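2 protein chains.
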Amino acid sequence: MTQPKPDIRLYVPQPLVAGERLTLGQGQSHYLAQVMRRKAGDSIAVFNGHDGEWLASVEYVAKKSVTLEVSRLLRLQKRSPDLWLAFAPIKGKTELVAEKAVELGASALLPVFTRHAVVKSINQEKLEAHAIEAAEQCERMDVPRIEAFKDLPALLAHWPEDRILFYGDESGGGTTLRLLLSSLPHGPFGLLIGPEGGFSAEEHRMLKSTPFVKPFGMGPRILRADTAAVAALACLQCWLGDWEEKPACAPMESHA
Amino acid sequence: MTQPKPDIRLYVPQPLVAGERLTLGQGQSHYLAQVMRRKAGDSIAVFNGHDGEWLASVEYVAKKSVTLEVSRLLRLQKRSPDLWLAFAPIKGKTELVAEKAVELGASALLPVFTRHAVVKSINQEKLEAHAIEAAEQCERMDVPRIEAFKDLPALLAHWPEDRILFYGDESGGGTTLRLLLSSLPHGPFGLLIGPEGGFSAEEHRMLKSTPFVKPFGMGPRILRADTAAVAALACLQCWLGDWEEKPACAPMESHA
Chain A
-5 MTQPKPDIRL YVPQPLVAGE RLTLGQGQSH YLAQVMRRKA GDSIAVFNGH
45 DGEWLASVEY VAKKSVTLEV SRLLRLQKRS PDLWLAFAPI KGKTELVAEK
95 AVELGASALL PVFTRHAVVK SINQEKLEAH AIEAAEQCER MDVPRIEAFK
145 DLPALLAHWP EDRILFYGDE SGGGTTLRLL LSSLPHGPFG LLIGPEGGFS
195 AEEHRMLKST PFVKPFGMGP RILRADTAAV AALACLQCWL GDWEEKPACA
245 PMESHA
Chain B
-5 MTQPKPDIRL YVPQPLVAGE RLTLGQGQSH YLAQVMRRKA GDSIAVFNGH
45 DGEWLASVEY VAKKSVTLEV SRLLRLQKRS PDLWLAFAPI KGKTELVAEK
95 AVELGASALL PVFTRHAVVK SINQEKLEAH AIEAAEQCER MDVPRIEAFK
145 DLPALLAHWP EDRILFYGDE SGGGTTLRLL LSSLPHGPFG LLIGPEGGFS
195 AEEHRMLKST PFVKPFGMGP RILRADTAAV AALACLQCWL GDWEEKPACA
245 PMESHA
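Protein chains in written order, with our numbering: chain A, -5 to 250; chain B, -5 to 250.
These are calculated hints, taken from the structure and not from any lab test.
Quantities reported herein were computed from a predicted structural model and do not represent experimental measurements.
Warning: the hint list may mix true and false statements.
Identical chains share a label here; the pair holds if one copy fits it or two copies do between them.
[Claimed, not checked] Below, in silico cross-link-like pairs of lysine-lysine (DSS-like), each with a Cα-Cα straight-line distance of 27 Å or less:
| # | residue 1 | residue 2 |
| --- | --- | --- |
| 1 | 85 | 120 |
| 2 | 87 | 120 |
| 3 | 202 | 240 |
| 4 | 85 | -1 |
| 5 | 114 | 202 |
| 6 | 144 | 85 |
| 7 | 120 | 58 |
| 8 | 72 | 202 |
| 9 | -1 | 72 |
| 10 | 58 | 240 |
Just chain A, with the same shape it has in the complex:
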């Protein structure tokens, strides 16, 4: 018994088990009932980052809340590759970088405050909402963890020593990404991309004297910070991540 996969996917915080009833929050209820005009009996897909992706049917539509009934498993849970993205938020583009990082499978987003940064504060809740929306749309099974904004020394002080940190060195230091990727053992990784103005001389020194940090270059052209984040993340995912897997958008077999 198969049926076409629903075209709406929602991330929910609740545990997902067959027969479970979920009452959606105001935002998702509004989206489902008013924007997408779903009615009792309609099907959607839900996921929570732990229990896989489930089919759920709309049970009851009230003015400010929609209740779903979870019916059957569509896809088993899968973790995204263990790849963190630390990045200096970019004026007007922080959400865009978060959205692309979710599509490209980053498992954690770590906004970093650097010397030449223009953005001095971030709205973590808004960033989380963006990450959830991007995960819903790109068929991802989990949502990356979004860490609190910290400065570069704090990032390095809290960084696990066994996790290699690839750092985009716009000053031309470092080896090529190709060489780095071809020579490294597998293991947990992170990527650090600086702000539009680049890192300061002191930051470059601090990074280069940190054992787990590996500087790399991205060629002769000056990449915008958002381009650099997407480009480097893509290379890392292509070489060390899960790009050998097939897309999950084909109609699913029933697991129930």
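Following the hints, put chain B in place on chain A, whose structure we already have.
Coordinates of chain B only, in the frame set by chain A:
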């Protein structure tokens, strides 16, 4: 005799030789005189895609035209890697893809009309202006050629047979990009990225039956078309392009 590199770089169509006088068009004249407030005696950098990058000084500022005098060579000419990007224009994001492709060093942009495309016409002049602006800003020495909008059968019919065309197969066919990149000989390359809605079944069949076309996948998550273009272009440039070169933003030695 060295001096700091000017912070304004302009693409000009004229030949560049020491002593040459250039009269800028209305747009660039307005930008230089009114927006950036440059006056007679100020220095800027100019390039034309053939003769290298030159220092030029503002000679005369009139209401609608600025005249420059070309003084000395700052950098020798360099060609971008021979990598074409064929892409289905994306509603509201065509210029963004062009900008990123210029930063990532694509040597030609080929807008392609596909079955599921939403965008049915493009403004080639506007796209060229965007590409020029992106080249000026990213320290690139040339501007990619922008071809006329054609449909997929015409693209394939005019494609040189010795140029491998990597095609992003969102349906999950094809091998991984990593394997493709590791196994291919060097040579001229192209990349094809489809529209938001993906290629049609007929287009997939047409592509797969074309000898110079190599399908590849980009993992389990569904990438937006603009993300896919940037991500795949970055991987190709990282593996087959010029990312082993250093950025050209350091102060230059005098060649005069």
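Intra- versus inter-subunit Cα pairing at 27 Å for residue 114 with residue 202:
Only inside one copy: residue 114 and residue 202 sit 24 Å apart there, 49 Å across copies, limit 27 Å.
Evaluate residue 72 and residue 202 at a C-alpha cut-off of 27 Å and name the case that applies: within, between, both or neither.
neither (35 Å within a copy, 30 Å between copies)
Is it within, between, both or neither when you check residue 58 against residue 240 at 27 Å Cα-Cα?
neither (38 Å within a copy, 56 Å between copies)
Within a copy, between copies, both or neither: which one fits residue 202 and residue 240 at a CA-CA cutoff of 27 Å?
For residue 202 and residue 240, the Cα distance is within 27 Å only across copies (17 Å; inside one copy 37 Å).
For the identical chains here, do residue -1 and residue 72 meet the 27 Å Cα criterion within one copy, between copies, both, or neither?
Result: close within a single copy only, 18 Å intra versus 50 Å inter.
Measure nothing new, just compare the shortest in-copy and cross-copy C-alpha distances for residue 85 and residue -1 to 27 Å and report within, between, both or neither.
So residue 85 and residue -1 pass the 27 Å test across copies only (26 Å; inside, 37 Å).
Can you give me the call for residue 120 and residue 58, within, between, both or neither, at a CA distance of at most 27 Å?
Within. Shortest intra-copy distance 21 Å satisfies the 27 Å Cα cut-off; inter-copy 46 Å does not.
Given identical chains, is residue 85 near residue 120, meaning Cα to Cα at most 27 Å, within a copy, between copies, both, or neither?
Both, since 15 Å and 25 Å are each at most 27 Å.
Status of residue 120 relative to residue 87 across identical chains (alpha carbons, at most 27 Å):
Cα proximity of residue 87 and residue 120: in one copy and across copies (13 Å, 23 Å).
Given identical chains, is residue 144 near residue 85, meaning Cα to Cα at most 27 Å, within a copy, between copies, both, or neither?
within (17 Å within a copy, 36 Å between copies)
In summary, the numbered hints that this structure violates are 8, 10.
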